[in-house]
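**Student:** Based on the hints, put chain B in the right spot on chain A.
Each chain, letter by letter, is given below.
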Amino acid sequence: MSFRGLSSLTVLAGERFAYEGPGNPWFSWRYVRDNSETILAALREHATLTAQAVVIAAVVALPLAVVAYWFRPLTGPILALSGVLYTIPSLALLAFVAPYVGTTNPASVLIALVLYALLLMVRNTLAGLNQVPEEARDAALGMGYGRLGRLLRIDLPLALPGIITGVRLATVSTVALVTVGSLIGFGGLGDLILGGFRNNFYKAEILTGTILCVGLALVLDLLLAGIGRLLTPWARGSVR
Amino acid sequence: MNPIEQAIVWLNDPLNWTNPGGVLDRLGEHLYISAAAVALGCLIAWPVGLWLGHTGRGGGAVVLISNLTLSIPTIALLTILPLTFLGFGKPPVIIALAVFAIPPLLANAYTGVRQVDPETREAARGMGLSGGQVLRRVELPLAVPYLAAGFRTAAVQVIATAALASFVNGGGLGQIISAGFGLGMSVGGGQILAGGLLVAVLAVLVEGVLAVVERAVTPRPLRRTRGRAARRQAAPVGKA
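Order-wise, the sequence lines are chains A and B. Counted the way UniProt numbering counts, the first sequence spans residues 1 to 240. Counted the way UniProt numbering counts, the second sequence spans residues 1 to 240.
With the rest of the complex left out, here is chain A (with noise of 0.2 Å):
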């Protein structure tokens, strides 16, 4: 007994990883089946987190991406304050926020997720704002459109492309970012992650949050490519 105690020591002390064998396998259904409701909790955090950072991002962005795109002289700053915005690391970013809005609140880990999925939208947006034709506005403008009526008309739907884009990017890119909040505990399938490393390294929870998380990005962004399909038929072949 005291033995093994011993030899676990040394592994904590970072000599080897010791625990190869049949005991930690990488998968395993008993622990899937066990521990699914556990694994379902993780998973719904994890989704609810990041639609409520999109959505929140999306209502966000759009107006900031019209304004950055009716006022040209606002449209460089906008896209400096977010260019160093988004270079600042998500961990020093949960870092300022916690101490505020404390740990034992998932709008810790919300608030830095809206702020990058923000300025990926925002980019994107912008950047399909700007590659409406010249000739489509000029026409707008020459059927008496107004400004308000030739943005809601002409200028969103032609930039649908765009600001889908944007919304996949921010999406894929913030269900990767969510596992940052196990850190605080609010990390969706990152607590499953994070906590299988620190279980003793229990492999089989690593992979199910891993391979959960992967799935679960690659299944929005199937499902938002679908909806952007739906949206614009008449981008089809041009668009993937």
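If you're looking for bench data, these hints aren't it; they were derived computationally from the structure. Beta carbons are placed, not taken as given, at the ideal position from N, Cα and C, and that holds for glycine. Check each hint, because a few of them may be wrong.
[Said to hold, decoys possible] Per label pair, the in silico range of CB-to-CB distance: (1) B:Pro141 with A:Ala80: 27 to 33 Å; (2) B:Pro91 with A:Arg147: 53 to 59 Å; (3) A:Phe71 with B:Asn2: 33 to 39 Å; (4) B:Thr120 with A:Thr75: 54 to 60 Å; (5) B:Leu64 with A:Ala80: 30 to 36 Å.
[Claimed, not checked] Per the computed footprint, the stretches of chain B lying under chain A, defined by three or more beta-carbons under 8 Å from a beta-carbon of chain A, are: (6) 77 to 90; (7) 169 to 182.
[Unchecked claim] Residues of chain B clear of chain A, computed beta-carbon distances all greater than 12 Å: (8) Asn16; (9) Thr18; (10) Leu52; (11) Glu122; (12) Ala124; (13) Gly128; (14) Val144; (15) Ala160; (16) Val204; (17) Thr218; (18) Arg223.
**Tutor:** Just chain B, lined up with the frame of chain A:
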């Protein structure tokens, strides 16, 4: 004391900088891990990207690799790799970070060669240059601005990702933040904020320095064109 005052007090304590495991130690680790990861990424991604660009094949694969790595959570690789034959220590962390450095390096190297004017390439062939010579003497010099842009993106990405290595006790400045969270908000609040500040400043600093480098290696006529925006758009970058 509010967290900001706490953070200032923490940063003002010289022992927090010079102690073993203090800021200077952690900064050294952070830079070492990041530099090794970026170097490894360049070693793999640049030859492959340049060659694929030269032959004009594999564009789909480049996009696929970028999108796939976008959906892999950093924490997953950081926890999985130490449990493989790599063992604990710095190598698995460096490899995990290199994986996230490869997409921007690869995509930019590929795009950099592809964007070379076909007439230039034809002229080089007409002068009797062999395929390898065209790549070395014509395509490579013209792709340098793209390589620099990819390098900058990858380096900033790796600096940000390296902060997450602390989740698996991999060292780096993130360790200060994680330790702060471990202490709890009332004691460690200042340390969390201070650590976040250090990580953020490092990332922004590296971004700034490499922006200057990118400008310096870009030939003057190419600086003020829309090429710069195109170079930065060559690959969607994951967020860490």
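**Student:** Determine for every hint whether it applies to the structure shown.
**Tutor:** Hints, one by one, checked against the model:
1. Checked against the hint of 27 to 33 Å, the C-beta distance between Pro141 of chain B and Ala80 of chain A comes to roughly 30 Å, which is consistent with it.
2. The given range of 53 to 59 Å is respected by Pro91 of chain B and Arg147 of chain A, whose C-beta atoms sit roughly 58 Å from each other.
3. In this structure the supplied range 33 to 39 Å holds for Phe71 of chain A paired with Asn2 of chain B, their Cβ-Cβ distance being about 36 Å.
4. Checked against the given bound of 54 to 60 Å, the beta carbons of Thr120 of chain B and Thr75 of chain A, roughly 33 Å apart, lie outside it.
5. Between Leu64 of chain B and Ala80 of chain A the C-beta distance comes to about 31 Å, which sits within the given range of 30 to 36 Å.
6. Beta-carbon proximity to chain A at under 8 Å applies to 7 residues in the region 77 to 90 of chain B; the threshold of 3 is reached and the given coverage holds.
7. Counting residues of the region 169 to 182 of chain B whose beta carbon lies closer than 8 Å to any beta carbon of chain A gives 5, which reaches the threshold of three, so the coverage claim holds.
8. Even its closest Cβ contact with chain A, about 15 Å, leaves Asn16 of chain B beyond 12 Å, as expected for a residue assigned away from the interface.
9. Once the 12 Å rule is applied to beta carbons, Thr18 of chain B is consistent with being away from chain A; the minimum gap is 22 Å.
10. Under the 12 Å C-beta cut-off, the non-interface status given to Leu52 of chain B relative to chain A holds; the minimum distance is some 19 Å.
11. Here Glu122 of chain B stays apart from chain A, with its beta-carbon at least about 28 Å from theirs, past the 12 Å limit.
12. Once the 12 Å rule is applied to beta carbons, Ala124 of chain B is consistent with being away from chain A; the minimum gap is 32 Å.
13. Every C-beta of chain A lies more than 12 Å from that of Gly128 of chain B, the closest at about 39 Å, which supports listing it as non-interface.
14. The claim that Val144 of chain B lies off the interface holds: its Cβ sits roughly 22 Å from the closest Cβ of chain A, which is beyond the 12 Å cut-off.
15. Under the 12 Å C-beta cut-off, the non-interface status given to Ala160 of chain B relative to chain A is violated; the minimum distance is some 3 Å.
16. With a least beta-carbon separation of about 5 Å from chain A, Val204 of chain B fails to lie farther than 12 Å from that chain, contradicting its non-interface assignment.
17. No Cβ of chain A comes within 12 Å of the Cβ of Thr218 of chain B; the nearest lies about 18 Å off, and the non-interface call holds.
18. Listed as a non-interface residue, Arg223 of chain B keeps its Cβ farther than 12 Å from every Cβ of chain A; the least gap is roughly 17 Å.
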